[in-house]
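Novice: Sequence order for the protein chains is A and B.
For what it's worth, our numbering labels the leading residue of the first sequence as -7, then goes sequentially.
For what it's worth, our numbering labels the leading residue of the second sequence as 8, then goes sequentially.
For the record, the hints were derived by calculation from the structure and aren't laboratory data.
Beta carbons are placed, not taken as given, at the ideal position from N, Cα and C, and that holds for glycine.
Each statement offered as a hint is correct.
Covered stretches of chain A (in silico footprint by chain B; criterion: 3 or more residues with CB under 8 Å from a CB of chain B, positions within the stretch not fixed):
hint : stretch
1    : 156 to 162
2    : 165 to 178
DSBU-like mimics (lysine-lysine), calculated; alpha carbons at most 35 Å apart, straight line:
hint : chain 1 : residue 1 : chain 2 : residue 2
3    : A       : K179      : B       : K65
4    : B       : K167      : B       : K36
5    : B       : K167      : B       : K19
6    : B       : K138      : A       : K22
7    : A       : K22       : B       : K167
8    : B       : K10       : A       : K178
9    : A       : K178      : B       : K19
10   : A       : K178      : B       : K36
11   : A       : K179      : B       : K122
12   : B       : K10       : B       : K122
13   : B       : K65       : A       : K22
14   : B       : K191      : B       : K65
15   : A       : K285      : B       : K138
16   : A       : K263      : A       : K285
17   : B       : K36       : B       : K138
18   : B       : K60       : A       : K22
19   : B       : K120      : B       : K60
20   : A       : K285      : B       : K19
21   : A       : K22       : A       : K153
22   : A       : K178      : B       : K167
23   : B       : K138      : A       : K179
24   : A       : K179      : B       : K19
25   : A       : K179      : A       : K22
26   : A       : K22       : B       : K19
27   : B       : K19       : B       : K60
28   : A       : K153      : B       : K81
29   : B       : K122      : B       : K60
30   : A       : K178      : B       : K120
With the C-beta cut set under 10 Å, the calculated list includes, among others, these residues of chain B facing chain A:
hint : residue
31   : K60
32   : P83
33   : V86
34   : V87
35   : Q93
36   : E103
37   : E108
38   : N109
39   : I111
40   : G113
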Amino acid sequence: MEKIIEIVFSGFYTGAIYALIALGFVLIFKSTGILNFAQGELCMIGAFICYNFATLFNWPYLLSFMTAVAIGVLVGVLIDILIFRRMVGEPIYSTIMMTIGLASILTSVTGLIWGHDFFSIRSPFMGRTTALAGMVFSRAALWTLGVSIVLFALFILFFRKARLGVALRGTAEDADAAGLMGINVKKMHMVAWALGSFVAVVAGIFLAEQSFVYSGMRHTGIKAMSAAILGGLDSIGGAIIGGFVVGIVESFAASYLSGLEIGSFHFGDVKDVIAFAIMIVVLMIRPYGIFGKEKVERV
Amino acid sequence: MLKITNLETTYKDVILALRGISLQVPSSKIVTLLGANGAGKTTTINTVSGIRKSLELKIEDGTIEFNGEIINEKEPSEVVSRGILQVPEGRRVFAELTVEENLIIGSYSLSNKRKFVQNMDTVVGYFPILKERRRQPAGYLSGGEQQMLVIGRALMAEPKLIMMDEPSLGLAPILVREIFRIIKRINAAEDVAILLVEQNASVALSIAHYGYVLENGRIVMDGPSEVLRQDRDIREFYLGLTEVGTKKSFREVKHYKRRKRWLS
Ligand SMILES: Nc1ncnc2c1ncn2[C@@H]1O[C@H](COP(=O)(O)OP(=O)(O)OP(=O)(O)O)[C@@H](O)[C@H]1O
Ligand SMILES: [Mg+2]
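So here's chain A without its partners, still in its complex pose (with noise of 0.2 Å):
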């Protein structure tokens, strides 16, 4: 029983952070149609940016990490301005294309600043643990779950209760419409790109956490992708259970086919897949993931 609490306690830790970062796909690509295939590129950002200040700086760490969120917000708003407006309602190849570009240009200048090697932030978390209910849980993981859920209680209260909330929901629904309601449609797609790259810095802090700051942690952002399209592209509670089904599952994977080997095939290596194969699994049943919606066709 208590090795079944450690798997899903694991798998929720992880699945907070897939489930972040599926959160920032949905929010940009519902509201400006763009998949944003830099994703990953802005959660390993914000981690560099939040090394530099806690470890490099030295800075207390809650100040480093609300300053990396402030700079990767920035960022999301300058690649809008300086990219993406001019690219709204181009079409999808050519703005997938455009991400994949500015991927590979986010992890060039990250390498040119921070050279390749594997770094980690200074955190009052570091090795700690808490006890509960006789079992020890790693700090790190509780205050990443704790944020990730108080974040995505304040998004959907967000996408419901404010005024902003709705306008952007409206704009992502019918742009043309929302602009003959006052709405300034170019504003909204600004709010969307900020609020991605938020979700995103944060994930990539609490990822470094995990793990380390090193390059290959934006390739978390392509699972994070798979666990979007599971939840559906356009459902934000999607993105956000899919974020964790995809933890949960992989916790299980790993835990319970990490021992098997057959020949040189370890069934531990599956754990990387997994997100993947229940994505294509998913696809084929309904094709615009649980959540989603068919996609809306004037005539």
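Start from chain A and add chain B with the ligands according to the hints.
Specialist: Structure of chain B with the ligands alone, referenced to chain A:
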């Protein structure tokens, strides 16, 4: 209040849609713009609203003036902030949003957010059904209720001028009469001018003060409603049953399809 002079517009730089039209909407009046399919009615009001980029619509010549200011190049949100609201063709409710959220978006251009409650009261005063349905997704409303919602949504912004694009489209005659009665009441009570785009000439002329007839991007006739109602050509082409009758039923079929997909 709204004054359009020699307006000429193209789609994609080559398709000439409006060939130099001039029209005026005085404050607090209802003016109707009549015309058959493809005459250029929607083009006219979209040009005023400033949704040009996504349609590849461009002003080649002429001016659009609102209260003395030329608004040719304004963005949609700037046009709205001047008090010009559009109720678009085919209703265009935000189907995934609730009725209340649709109205919240309607009030988005107001700087004073407290006015929401007050304006909401005004709107449900005209359309009580919207209050009952306020927590439902707008996509589940009937066609008539959706038409009420989009008119209410525009009213939330305290407009000086509402441009309505074929509010009668796809609605049963009894409902059309009801909605037009309410439009007339809104015009009188809220002191708002209305530019009423219609194919249904008889009902439009019954509430309008003045009318223009658009054909192939040109104004071919204009005059006070009483005069237009007596005109022989108008009687034949717009008030006659056969031709308009068939056109309308075609539009209804098309619209029914659109609504069905919208909800699926
Ligand atoms: N997006 C577009 N691109 C190219 N041409 C267009 C576009 N929209 C309209 N047109 C053309 O411009 C002309 C005027 O169209 P418009 O939609 O303004 O007519 P309408 O009077 O509103 O007709 P309806 O009663 O059918 O709504 C038509 O010939 C139409 O084919
Ligand atoms: Mg039209």
